Amino acid sequence: MLIRLLQRAFGIDPEAKPLPGPQPPDRGPFRRDFWRSPLRGPWLASLLSSALLPLILICALTGFVSHVAYDSELGANSVTGDDGLLTPIYAALDWPAGWAWLYAVNQGLHVIAGLAAIPILLAKLWTVIPKLWERPALRSLAHALERVSLALLVGASLFVFFTGVLNIQIYYPFGFGFVPAHYYGAFIFMAALTFHVAIKLPDLARAFRERGVVAPLREDRASTRPEPPESSESAPTAPRAATISRRGFVGAVGLGSVGLGLMAAGQSVGGPLRPLGLLAPRGQYYGTGPNDFQVNKTATSAGIMPAQTGASWRLELRGGRTLELSREELLRLPLSTQKLPIACVEGWSTTQTWTGVPLRDLGRLAGVDDPDELFVQSLQEAVLGQTTLNNSQASDPRSLLALRVNGADLSLNHGFPARIIVPALPGVHNTKWVQRLEFRGA
Amino acid sequence: MRRFSALYGSSPAHLLLALAALVVSAWAVVQAFGQGPPLSLTKWFVGSILAHDLVLLPIYSLVLIGLLRVVGGRGAQNRAEASPRGLLVLNHLRVPAALSLLMLLLFFPFILGLADAGYEGVSGLSTDPYLPRWLILSGALFLLSGLILVVRLVRGGASTARGPSGSAAEGPGAPPAG
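Protein chains in written order, with the numbering used here: chain A, 1 to 442; chain B, 1 to 178.
Don't read these hints as lab results, they were simulated from the structure. All figures in this text were calculated on a predicted structure; none of them were measured in a lab. Careful: at least some of the hints might be erroneous.
Claimed, not checked - For lysine-lysine, the following DSBU-like pairs were computed, each having C-alpha atoms within a straight-line distance of at most 35 Å:
1) A:Lys-200 to A:Lys-131
2) A:Lys-200 to A:Lys-17
3) A:Lys-131 to B:Lys-43
4) B:Lys-43 to A:Lys-200
5) A:Lys-131 to A:Lys-17
Next up, chain B with everything else stripped away, as it sits in the complex:
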């Protein structure tokens, strides 16, 4: 047992379960390739990992750095020096921005009018209303966030000793209706 573990790196159960997962995956790949086309399937599968890990994730950081420069002003290069007030404003900007961009990321075919042909044939309706709906929803999120920010600044909630300083005050709940 110890020799197996020293050679393999874990127990036989680990190897068995890993192989089982690989076998099931291989079966699924064969079945899927049978429905074809294999090249397109592989391209999109691998592409989704690359697009997420190497494009989307770095974008999060770049946007954050950009926002910090705008909000934190001088000294925001070293994020530790951004003032508590600046960080409060930053968070009340980036949470609605993140939610708005997430909606755009998920519903871009509707919002950007790319799915019109298919959608119209299926539902008899147009995707035109989706761009204004997204804009209104985004606007409402920023408005709500701004109102909460004002309340917190007025209450002096930016001081480290008092109250929450994240955006959890918005809490879960229904998004504002467009």
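Only chain A is shown next, with the shape it has when bound in the complex:
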């Protein structure tokens, strides 16, 4: 069986020579009898891990998919710098404009799973904390490597989660860029986690076999018994009586997890569910007007001057030929109306009805029928004031240069005089206050 194979491959040999060197003192938290809670033990750790792992895997998968969605090989799209060894992989994957809600669902799941995982992660760390203080500190070289990888696992998981939580609140007390730190922290997390799962899976199987998977949840507080101390270093040697049953503990953790997940879901699905996002960053209402929906980057903070967007604004088209169009001229072209979401990397979305000129019509006007790429320049002079769209995105009939939303002219905060809106495109690439479109290739 797989478990036996893993046990033989990754089990620690009890006969191995202990490493030389000083040992921690036999005092305080280094003593096993310091840790009194009778709830700790391999069963609780295994149960929490069984709930935590799927959520982490969803986060990891959606996180990497998000990186693919940014099409960082195009133009200035990258926000993590050079992808190094992974560049060929990302270059080969072009984000399609197929299902319009793909990015919204992906990022929604990322933040929902991420927030829901946090109470379980904290509970898991509480359960195994006696192992931080175990004696002897280094039983063998293999044991030492396991402890190093655990340091990486705990550090990376805390780092990735807290940077994520602070990022969605637009709060950056740290002096480094969020995106590369969160992204590369996830690699350390996944590497250390893979090793951890491989060496711990036999212990999880044994814990469930010996105590059952849900059987301990049937015990009430008075009948809560500690796990035997020989089952794991996290099990107590001198437990006190339980102050809460295991199911009370797990229930409280589950309540926190479900609550956070629902809050994140509220801001992701939006519409009638938005009030669920009580503490979620995008759980507030703007109003009932056509432009009253979630803003991402106000005109003032983007440094847009009203004079730039007034009557003198022209859309510059480049391609086979160069031409300029005023807003009135754009409005006289055949317009299309599409219902499309803005889906932010921070896990919230909002779906609205947009009216504008299809991008591929503008491409034809500029003399490029089937562009390889479309470069978009905003009036906003910032790192993300430009976007490069791929072929699928530029030629999709639903991709628009939007002029109106929900029947009214775009507000300044929503990108007046014109913005890009493309199915499944990450929110930040739906460039606002568009100044220039360059159709390249074909």
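Assemble chain B onto chain A, guided by the hints.
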């Protein structure tokens, strides 16, 4: 094989997988440091472990001891002597307290008004509503917990022979809307 295991402490597969994990981690660190700044990244990575293991975790225990003294009264020094009733009250206090503090821990930039500048520039809205929202959510959690506690005390659910005595009766489900 046995000699390798006696020297190393496990099989070659263990060593290979450990090294693979370390190599991937080293690559990620190099890539991240390339985006910089390395000192800040290291400080926050290590700091998060220290802050959690050496600050947050001890706080859980200290709060529990404090609550036990308040609720258990005399004899609560030895937690085994706290009465079943006292423990029921304790749990109906500490579960909503823990959830409320968890929300504060996660959303403190909004609740304490620290993220106003960034958030306003991005969304056009203020973070002011978040403090009242958190207070209302916390209040609702305590209220719900209190109601369930009253029901259980009235039903005599504190006796060891009958029914659940943890907070699982609250069950998973949507939190009360603020």
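Here is how each hint holds up against the structure:
This hinted pair checks out: A:Lys-200 and A:Lys-131 have alpha carbons roughly 14 Å apart, not beyond 35 Å. In summary, the hint linking A:Lys-200 to A:Lys-17 is supported, as the alpha carbons are separated by about 22 Å, within the 35 Å threshold. With a C-alpha separation of about 23 Å, the suggested pair A:Lys-131 and B:Lys-43 falls inside the 35 Å cut-off, and the hint holds. For the hint pairing B:Lys-43 with A:Lys-200, the CA-to-CA distance comes to about 29 Å; that is within 35 Å, so the pair holds.
With a C-alpha separation of about 20 Å, the suggested pairing of A:Lys-131 with A:Lys-17 holds against the 35 Å cut-off.
Hint compliance for this structure: every hint is met.
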